[in-house]
Each structure stands twice: as C-alpha cells, then as structure tokens.
Amino acid sequence: MLEVSGLTMRFGGLKAVDGLSFAARAGEITAVIGPNGAGKTTVFNCITGFYRPTEGSIVLTHPSGERFPLQRMPGHRIASAAKVARTFQNIRLFAGMTVLENLLVAQHNRLMASTGFGVLAVLGLSRYPAAERAAVDKARHWLDAIGLTERADDPAGALPYGAQRRLEIARAMCIDPVLLCLDEPAAGLNPRESEELNQLLLKIRGEGCSLLLIEHDMGVVMKISDHIVVLDHGKKISDGTPQDVRADPAVIAAYLGEGEEDEEVEVQA
Amino acid sequence: MAYALQQLINGVTLGMIYGLIAVGYTMVYGIIGMINFAHGDIFMVGAFLSLIALLGLSILGITSVPLALALTLVFAAGLAALYGWTVERVAYRPLRGSFRLAPLISAIGMSITLQNFVQVSQGARVKPIDAVIPGGFQVMQQDGFTVQLSWMQIAIVVTTLIVLGIFTWLVTRTPLGRSMRACEQDLKMASLLGIDTDRTISLTFVIGAALAAVAGLMFLLYYGVIDFYIGFIAGVKAFTAAVLGGIGSLPGAVLGGLLIGLIEVFWSAYFSVEYKDVAAFSILAIALIFLPTGILGRAEVEKV
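Just so you know, the protein sequences line up as chains A and B, in that order. Reading the first sequence from the start, the letters are residues 1 to 269 in the numbering used here. Reading the second sequence from the start, the letters are residues 270 to 573 in the numbering used here.
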C-alpha cells in the first residue's frame, strides 16, 4: 500500500528523519508513535508533499495496482491523483465557509470538470446540477457519520472543538482517499469524544480506506491500530502489532528515558 | 439641493468605475497577499483595447450602439484577461515562495512595462473619442440649476451592477468561487484537498483583469479621452478604495469605490478641483491610521 524506504529529511545540519523505512498495509490502521521531536510530523509532511525529502522514496500503490512516487509529485496531485488526504495537529478548516462548503471544496475537482472548468457554468450549459447534487449527497453522508447534519449551514469556525476535528476528518474523506493521514486526531478531546473518534476511524477503515495515524493518546493507539511504527530521533526503533510494540524494551526506553535503572523499572511496568 | 443631487449622480458613476478596479486589487490580495500594482495598467490597457475595438467596429460599419458596445466589452475583457494571465505567469508565479517584497517589485516593473508598451505602440498623445451614447434627460430643475442624468451614466451604472452581479454569483455559488475562497483562507490546505492552487490564482488574475477592462471601457465612455498614464492615478485610487472598504473583502471594494468616487466629486464641487486627488489620498492616510482593516475588513488573525 504505502512503502516508505530510506526516507531522510535534513533541515540544515539537523536530521529530522534518518533513513526511515516502513510499510503500511491496505485496509489497516497504522499508527506512528514516538516521543516529541521524533520526526513523526516530518514524515507526514513528506508523504503529503509539504516537504521534499532529502533522500529516499515514498511509493503509494492503489488497489488497482497503479503506483505513485509521492516524493516527486506536486502537492495538489497527491490529493487529486494519488488520493492521499491528511488532517493537521492544529485544525485547519476554512473557518469562514460553512460546514457544507468545507465538504464541497474537497470535491472541487469533480465539480470543476462537470462545469467545463467554469466556462460552461457561465453559459449555463453543463451537467453541473447533477454533479452538485452528488457532491451534496456525499457531504450529507459524512455529515451524518460525524453527527453534524443540523449544523451544515453554520460557519465552520463556530463549531466546538471536537466537532471541528470530526469535520476535518470528514472533509479529508470527501476527496475519496485511499490513504488518510491523521496528525493527532485525539488531541484535546475528552474521553467521550475520543471514543466517538475511535468509532469514526473504524468506520472509515470499514469503508476500505487505509489510515496512517500519529497519536500520543495510547488509549486510542492500542485500541484501534493494527500495526504500530515507533520512531525516536528520526529512526525506527520498533515495528509490529500493538502487543509486540508494548513489550519491546527499546520502546519503553525511548519513552521513559534511557538510563540503566529506569529500564528495569519499565520492564516491570 | 439640485446641485448636490447632480454631484451624487456623478459621484456614484465614478465610484462604480473605481469599485470595478478595486475588486481586482482586493481579490488578488485576498488570495496571495500581494498588492498587484500592475492592475491599474491592466485597466488602462482595457481602455485602449476598448478604443481600438470601437474604432474598428465603426470601420466595419457596425452602427448599432448596443451591439458595438457588447462586442467591445467582450473583446476588451477577453484580451485584458489574457494580459492579466500573462502578467501573473511571467512576473509573479516564478517569484512565489521568494521573499515577500519580490513580487511587489516585480509588479511595479510590470506596471512600468505596460505603460511604456502602450506609450510606444499607441503614442503618447491623449486619444479622444466622440460620445458613443449622447443625450440624457432632466431629472429636476431648481433655482435655475438643471439636474442631468445622461444615458451614459445610466449605462455605466447598469453595466457595472450586472457585471458585479455575475461576479458575485461566480464567487459565492460556483465550485470555482468556492475554491477561490478556500485558497484565500488557506492556500496550503486547499492544495492538500486537491485544488490546483496555481490555476486558481491564474483564474483570479484573469477575472480581475476582465473586470478592470470593463472599468476601462466605462472610463473611456465617460470621459471620452484616455492616454497611457490613466492607469496610475485610477489604479492608486482603486487601491485606496480597496483599503478603505477592507482589503480582501469584495463588497468592501465596491463600497470603498463608491465612497472614493463620492468624496472626489463632492470635494471638486464644493472646494477645489485641483485638490481632488489630495482629498482622495488623505482618506487613505486617515483610513490606514484609524481603520486599518477597513470598513468591512476583518481583523487579521495570526496563525500560530
């Protein structure tokens, strides 16, 4: 599905990511975890075209067998052709647009094509009404899934925090992604919202979309991930199922310090 | 009273022209945060294209005024749009991602280039044109003063309102407008959702240039003379209008344009014609001091 190999990202003299290789399998939730500054968000930024990696390759293979070398594609093509969507640690909704509009913007390319790139819309000749209805239907589907149907016409910026997070995920889903990258989706959520989020992510996986997840909330990670990659100082220190990773001494050392005596304590824990 | 009413009519007409140009400034600023100083010169090019089209059509023997004006409008807006697209492609896109002042300097360069291009190719002398829509009617008469409303003024106001109506519909109701607003709010995020931001920016320049060309045609019809230098003053005034209305806000641009037009006309009528530009620009200074976000502008929220 997604294959990252030898990924290195250098900022000046600092190696934020250092020769990282891992794979995310189709139809699974893969979590990327690690202490602060381990390079998790940098990896996301390379996958979604924010950064050009210094070295290495990121190849996404669609279920159809088509392959996309993400490290060489322009940002908007990563979303429109390779179908990779992402959300951010700090919410980046279009706050001045309505909830529904946020979901329609993500379906822009299909809608633009149906209006002959705006030209035919001006002349009033197009399949636009049908395409718009389809787009609104899809938006409704996701609004139902995140429980925001009644707020469709409110400005996105006026929603409560937890709802904004869910909306951001719904918006990402509106580009019909094969891979959805979530950067700390549970940050700042209360336990109930966090549980709703788990259900939403499992529903997304159920619809055939693979997920890549950065998360600090181990409750979320351990409960829903199929596969976990652990980073520390830009390198992979562990990779496996939640049970494997939880038991890996290297992981425990990275999280709770690397001193000798610490390690003993943690192995017991 | 009658005198003031006359000035109101004149001011609204002029304000509409400024408003049309200001929309181009405000759209480009909204989407890439840059003041497109070449925009006033696109307006000037639009006026020249209109002049060429009107003369060409009269040579071709098209005497029906509405038909001639409609064809001129399409011709000037279409070609000016091409100018706008080219300017963005040549002078701004290569500098995107460079330091903030680079495109601004490039814009000033483009402005000088366009002025000189028109000066060399069309000559430096002012170009007069006969009134295309002569006549008008008397609105009222009072104390020996006649209030005139010319057909030209009606045509300008009506055309501007129609063009602005189409434009508003485009921005608020179509996927193109939705993607433009998305780019305006968060360019990077729009790109992550698969919107081709470069193309959206190009289209913004194209639409802005077409509106400027419509303003150019109106200016030509209203004043009857143009030269290669009109873009500068009109451009700076439209920019003032955009700032006054709240840069980045589309209704603000039109409102600002109307205010600047009214201020200029009333100042000329009651104080002195020589200082009308001083009045307009004093407003800019005052607006920047007391109302930095403009009348309809929203406060800039720094993203952390």
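Accuracy of the hints is not assured; some may be wrong.
To be verified - In the DSS-like style, the derived pairs of lysine-lysine whose C-alpha atoms are separated by at most 27 Å in a straight line are:
(1) A:K223 x A:K235
(2) A:K138 x B:K545
(3) B:K396 x B:K545
(4) A:K83 x A:K138
(5) B:K457 x A:K83
(6) A:K223 x A:K15
(7) B:K457 x A:K15
(8) A:K223 x A:K203
(9) A:K138 x A:K203
Keep in mind the hints are simulated off the structure, nothing from the lab.
Verification of the supplied hints:
Restraint check: the Cα-Cα separation between K223 (chain A) and K235 (chain A) comes to about 24 Å, which is no more than 27 Å; the hinted pair holds. Annotation: proposed proximity of K138 (chain A) to K545 (chain B) is violated, straight-line Cα distance about 55 Å (limit 27 Å). Annotation: proposed proximity of K396 (chain B) to K545 (chain B) holds, straight-line Cα distance about 23 Å (limit 27 Å). A hinted pair counts as satisfied when its Cα atoms are at most 27 Å apart, and K83 (chain A) with K138 (chain A) qualifies at roughly 16 Å.
For a cut-off of 27 Å, the pair hint linking K457 (chain B) to K83 (chain A) stands: about 16 Å separates their Cα positions. Of the pairs offered as hints, the one joining K223 (chain A) and K15 (chain A) is violated, with about 32 Å between alpha carbons and a cut-off of 27 Å exceeded. Of the pairs offered as hints, the one joining K457 (chain B) and K15 (chain A) holds, with about 24 Å between alpha carbons and a cut-off of 27 Å not exceeded. About 14 Å separates the Cα atoms of K223 (chain A) and K203 (chain A), which keeps this hinted pair within 27 Å; it holds.
Distance restraint check for K138 (chain A) and K203 (chain A): the Cα-Cα separation of roughly 15 Å lies within the 27 Å cut-off, and the hinted pair is therefore satisfied.
Hints 2 and 6 from the earlier list are contradicted by this structure; the remaining hints agree with it.
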